[in-house]
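Asks: Given chain F's structure and the hints, the job is docking chain C onto it.
Number of protein chains: 2
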Amino acid sequence: MVPYLILSVAALLVNIPMGYIRENCPQFSLRWLFWIHAPIPLIIYMRVTLGTSKWFIPVGIFLAVVGQVIGGRWRGKTRSSEEVERLKQIPAIDAPDQKKLDESQTTVVLLNMGGPRTNADVPDFQKRLFADPLLIRFPLSFLFQGFFAWLLVTFRAKAARERYQLIGGGSPIFESTGRQARALQEELARRGRKIDVVFSFNYSAPFPEETISAVQRSGKRDVLLLSLYPHYSKATTGSNIYYLKKAAKQIYPEVQFTEAPAYYLHDGYIQAFVDRIQEQLKPGESLDDFYLIFSPHSLPLYSLVEGDPYAFQISQTVAKILTRLGRTTRWGIAYQSAVGPLQWLKPSLEDMLEAVTRRGYKKLLIVPVAFVTDHIETLCEVDIEYRQLAGKLGVADYRMSRAIECHPEFIRALADTVEAALAPRAPEVHRSAQFVHEHIV
Amino acid sequence: MVPYLILSVAALLVNIPMGYIRENCPQFSLRWLFWIHAPIPLIIYMRVTLGTSKWFIPVGIFLAVVGQVIGGRWRGKTRSSEEVERLKQIPAIDAPDQKKLDESQTTVVLLNMGGPRTNADVPDFQKRLFADPLLIRFPLSFLFQGFFAWLLVTFRAKAARERYQLIGGGSPIFESTGRQARALQEELARRGRKIDVVFSFNYSAPFPEETISAVQRSGKRDVLLLSLYPHYSKATTGSNIYYLKKAAKQIYPEVQFTEAPAYYLHDGYIQAFVDRIQEQLKPGESLDDFYLIFSPHSLPLYSLVEGDPYAFQISQTVAKILTRLGRTTRWGIAYQSAVGPLQWLKPSLEDMLEAVTRRGYKKLLIVPVAFVTDHIETLCEVDIEYRQLAGKLGVADYRMSRAIECHPEFIRALADTVEAALAPRAPEVHRSAQFVHEHIV
Chain F
3 MVPYLILSVA
13 ALLVNIPMGY
23 IRENCPQFSL
33 RWLFWIHAPI
43 PLIIYMRVTL
53 GTSKWFIPVG
63 IFLAVVGQVI
73 GGRWRGKTRS
83 SEEVERLKQI
93 PAIDAPDQKK
103 LDESQTTVVL
113 LNMGGPRTNA
123 DVPDFQKRLF
133 ADPLLIRFPL
143 SFLFQGFFAW
153 LLVTFRAKAA
163 RERYQLIGGG
173 SPIFESTGRQ
183 ARALQEELAR
193 RGRKIDVVFS
203 FNYSAPFPEE
213 TISAVQRSGK
223 RDVLLLSLYP
233 HYSKATTGSN
243 IYYLKKAAKQ
253 IYPEVQFTEA
263 PAYYLHDGYI
273 QAFVDRIQEQ
283 LKPGESLDDF
293 YLIFSPHSLP
303 LYSLVEGDPY
313 AFQISQTVAK
323 ILTRLGRTTR
333 WGIAYQSAVG
343 PLQWLKPSLE
353 DMLEAVTRRG
363 YKKLLIVPVA
373 FVTDHIETLC
383 EVDIEYRQLA
393 GKLGVADYRM
403 SRAIECHPEF
413 IRALADTVEA
423 ALAPRAPEVH
433 RSAQFVHEHI
443 V
Chain C
3 MVPYLILSVA
13 ALLVNIPMGY
23 IRENCPQFSL
33 RWLFWIHAPI
43 PLIIYMRVTL
53 GTSKWFIPVG
63 IFLAVVGQVI
73 GGRWRGKTRS
83 SEEVERLKQI
93 PAIDAPDQKK
103 LDESQTTVVL
113 LNMGGPRTNA
123 DVPDFQKRLF
133 ADPLLIRFPL
143 SFLFQGFFAW
153 LLVTFRAKAA
163 RERYQLIGGG
173 SPIFESTGRQ
183 ARALQEELAR
193 RGRKIDVVFS
203 FNYSAPFPEE
213 TISAVQRSGK
223 RDVLLLSLYP
233 HYSKATTGSN
243 IYYLKKAAKQ
253 IYPEVQFTEA
263 PAYYLHDGYI
273 QAFVDRIQEQ
283 LKPGESLDDF
293 YLIFSPHSLP
303 LYSLVEGDPY
313 AFQISQTVAK
323 ILTRLGRTTR
333 WGIAYQSAVG
343 PLQWLKPSLE
353 DMLEAVTRRG
363 YKKLLIVPVA
373 FVTDHIETLC
383 EVDIEYRQLA
393 GKLGVADYRM
403 SRAIECHPEF
413 IRALADTVEA
423 ALAPRAPEVH
433 RSAQFVHEHI
443 V
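Listed in order, the protein sequences are those of chains F and C.
Residue numbering for the first sequence follows this note's numbering, starting at 3 and increasing by one per position.
Residue numbering for the second sequence follows this note's numbering, starting at 3 and increasing by one per position.
Bear in mind the hints are in silico, worked out from the structure with no lab data behind them.
Do not take every clue at face value.
What the hints assert, rightly or not - So the derived label-pair ranges between C-beta atoms look like this: (1) F/Leu-15 <-> C/Glu-287: 58 to 66 Å; (2) F/Glu-177 <-> C/Pro-43: 58 to 66 Å; (3) C/Lys-248 <-> F/Leu-289: 54 to 62 Å; (4) C/Arg-223 <-> F/Glu-85: 56 to 64 Å; (5) F/Glu-261 <-> C/Val-341: 52 to 60 Å; (6) F/Ser-31 <-> C/Gln-218: 42 to 50 Å; (7) C/Gly-148 <-> F/Phe-58: 34 to 42 Å; (8) C/Glu-256 <-> F/Lys-394: 37 to 45 Å; (9) C/Gly-148 <-> F/Asp-399: 48 to 56 Å.
Unchecked claim - If you want the footprint, here are the derived chain F segments under chain C, 3+ residues with CB under 8 Å: (10) 26 to 33; (11) 79 to 91; (12) 174 to 182; (13) 296 to 308; (14) 317 to 326; (15) 329 to 335.
Said to hold, decoys possible - One-sided and incomplete, this derived list gives chain F residues near chain C with beta-carbon spacing under 8 Å: (16) Arg-165; (17) Ile-253; (18) Val-257; (19) Glu-261; (20) Leu-267; (21) Ala-340; (22) Val-341; (23) Ala-357; (24) Val-358.
For every residue, glycine included, the Cβ atom is placed at its ideal position computed from N, Cα and C.
The shape of chain F in the complex, shown without the other chains (with noise of 0.2 Å):
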C-alpha cells in the first residue's frame, strides 16, 4: 500500500512546478512538450524502484495530469494580461491615448550594450555579455549560464584580445555614442527643446546602475528610452530596458520609462544609408557594378519562433533602402556572427558570399544593416575577416560602407522620435505634430 501512495503523491506533486513552467510557454511548442514529459523518467525509476504493479500505470498518469493542471491554472490566476499578450506574442498596441512626456521632466537615455574600452577590459566584458541569459541562452541556461560563460570567455579571451587589437586595441563605442549623444541634444536644442540625452551600456560603463543614480541625481522623473538598435530584439534592446529597470528598483523606484516609437522605416534612418552607401563610390562608378549584402547581425533561431521581430523589421528597413535606390536585383540578405551548435538565422554571410561568387560577380558592397556605430563585427569581422575570405574567393573589389554614426539625417530621426514622445509646445503644435506625422515610418 505504502508504496502506492508514495508514487501517487510523487506523480501529482511533481507535476504541479512542471505545469508552472509549462503555462508559460507557447503552446505544443518544444518547450512546452519538454515540461510535459520531464518528469516521466523520475517516475518511472521510482515505480520501478518500487516495484509497483504495471496496472496502476494508468492511475500515476491520470495524477500527473492533474498535477499539470493544478500547476497551469496556478499560473493562469497569478499571471497579468501582459503575460497573456506575450505569449500570444501580440505586440505592444499604443494605448488610445498615449500620455505624452513633459519636456522638463525628461532624460533621454540612448541604449546600446558597450563595448571595451581598452583590451584590458575585453574578458570582463565579455564575461557580461555571456552571462546575459536574456541575450544568449544557453541549454538548462537557468542552472549552466555561468558555466557556459565561464568556459566561453576562458577559451575565446585570447582570440578575442587579438581581434580587438586588430581594430586599434578595445572599441570606439564610447566615444561613437557620445558624440551620438551630444548631437542628438544639440539638434533638440536647435527646435528649442532643452533636454538631456544620456547614453547607457549593458555590459560596459556606463552600467544601468550609474545612468539611474545619474537621472536620480538630476531630480528628473521620466526617462524616454530611446535604442540604438532601430531593430527591436528581446536580446539587444529588450535586456537593455530590462537591467535598466531592475536598477530603477533599487535605486530610484520613482522614475517613469517611456520607449520611443521605432524609428527603422524613418525617412532620415533610411537617407543615411544610402548616403554611406554612395559615399562608397569613386567618382564616375556605378553602384549598378556592386552586388549588395546587406549584413545585420544574427539571432538564434528559437528567438523568431518567440515572436522576436528583428528580422521581419531588418527585412522592411532594406526593402526601404532598395526603393530609394531603385534597386531591384543583385541584393541580399546575409546574417553575420552565428555561433554555437544552435540554429540561427539563415543565410550567413559566408555562405551568401560563397553563392554569390559562384554566379561570377567579383565586386561586392557589405551594408552592415543593423548597427549604427562601428563595433568589433564591421570592423573586424566584415571589413577583415570575410574581406580574407571573399579575396580567396576571387572577389576583386570588396567594399563595406560605414556606419551612420553621426549622419544629419539620422540625427534628424532620432530627433523626430523624441519629439512624436514628447507634448507639442503651446505656441506650434499644429508644425510640430504635422512635422513629427510626416517623417515617422
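Replies: Relative to the frame of chain F, chain C by itself:
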C-alpha cells in the same frame, strides 16, 4: 558470436538511410536530431532480444555513427549545388545576365490554389488540398498524409459546405482569376505586347496537366510563372510550380519555365490596397478613427524556420502601405486560419481582436493583405465569423477592405512584372527599361 554480428550489421545498415535523410535537414534542427536518434529504439530492442552484453554498446554506437556518415556522404555526392544552397537558405540569386524571354514564344500563367466552383466540388477540392504534403505536413507525413487528409475531409466536409453556402455556394475564385487574366492580357496588348495570359490552379480545374496540355497545343516554348500569391511560400507558389513542372515532365518536357520577379513591393500593388482601404470610408469619415489590422493567412512556424520568406515579405508590404497612408500607430499584423496542434505564425486574428478591444478600440478595419481575390478566408472567415466575434467583444464598427481583384493599379503592377521578364522591344528599349526600373519594387 552470431547475435553480435547481427547487431553490428543492423546498427550499420539501418543508419545509412537515416544519415542520407539527415543530410538534407538543417544542422542541429529538430528533424536533423530526429533522424540521428530514430534507429535507437530498434537497436535497443534488438540488443535486449538478442541478449548481447552491455559492454558491446560503445561498438554499436560507433557502427551507428559510421552508418550515418556513409549515408550523409552518399547524399552529399548526389546533391546539386542548388540543393546545397537551399539548405543554407540562400534565396534565388539573379544570374549575372538572365536570359530575357521572347514574347512570341511566351505564355503567362497566373498561379493560384483554386477553389470549389460549386458546393458539390467541396470534398474533392479539400481532398486534393489536404493531400498535398507541400501545403500542409502532418506528423510522419510520408506514411500518413493520405490518412490524415481523409480524416480531415470526413470530419470537416459538412462544416465546410455550410461555410461555402454562406458565401453563395462555392468559391468565386474561378471567375475572379479569369477576369484578372483577361485584364492583364488587355493591359499588355495596350502596351503593344501580344501575349497569352492563362491561369492554372493546384486543387481545382484548370489543373496543372490541363495547363501544360494547352501550352503544348499552342506550340509555345516558354512559360512565365506569375503567382497570385504575391508573397512567396513553398506552400503556395512553391507547390503550384512543383506540380506544373511535374506535369510538364510527363506531357511536354520541352517547355521552359521562368519565374517572374516579385511584385509585393510594386507601387501599383501597394496603391491598390491603399485605394481599397479608403473605399471603406464614407464621406466625412477619417481613417484615423480606425484601428488597422492586416490579416494574412497563417503558416505553420516550421516554414519560417526552414527559410520561407512569406512572413518577411508580408511585413514589407504592410510597411509600404503604412508609409503611403502616413500611418505610424494603431495598426497590427494578425494571422488568420491556423488549425491543428502545430505552432503557427502569431499573433492570431482572434487574439489580436481581443487585445485591441481590451485597449478600448471600437472601430476596426481589417485588411486581408495576402489575398488578391476574395476567398472563403475573407468572405466567410473575416467578414462573417470574426465579425460575430468582434461584435461579442464590443466592437461598434467592423469593416473589411475588399480584395484588390482587377484594380487598374494592380493590373499595371502585374503587367510591369511580366515586362521585366520579357526582352525589350527594339524601338522603345530605353523607355520600357526605364519604366520597369522605376516601378518594380
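Asks: With reference to the structure, classify each hint as holding or not holding.
Replies: Status of each hint after checking the structure:
no.	hint	in the structure
1	F/Leu-15 <-> C/Glu-287: 58 to 66 Å	holds (59 Å)
2	F/Glu-177 <-> C/Pro-43: 58 to 66 Å	holds (59 Å)
3	C/Lys-248 <-> F/Leu-289: 54 to 62 Å	violated (40 Å)
4	C/Arg-223 <-> F/Glu-85: 56 to 64 Å	holds (59 Å)
5	F/Glu-261 <-> C/Val-341: 52 to 60 Å	violated (35 Å)
6	F/Ser-31 <-> C/Gln-218: 42 to 50 Å	holds (48 Å)
7	C/Gly-148 <-> F/Phe-58: 34 to 42 Å	holds (39 Å)
8	C/Glu-256 <-> F/Lys-394: 37 to 45 Å	holds (41 Å)
9	C/Gly-148 <-> F/Asp-399: 48 to 56 Å	holds (54 Å)
10	26 to 33	holds (count 5)
11	79 to 91	holds (count 4)
12	174 to 182	violated (count 0)
13	296 to 308	holds (count 3)
14	317 to 326	holds (count 6)
15	329 to 335	holds (count 5)
16	Arg-165	violated (25 Å)
17	Ile-253	violated (32 Å)
18	Val-257	violated (25 Å)
19	Glu-261	violated (13 Å)
20	Leu-267	holds (6 Å)
21	Ala-340	violated (11 Å)
22	Val-341	violated (13 Å)
23	Ala-357	holds (5 Å)
24	Val-358	holds (6 Å)
When held up to the earlier numbered hints, the structure conflicts with 3, 5, 12, 16, 17, 18, 19, 21, 22 and fits the remainder.
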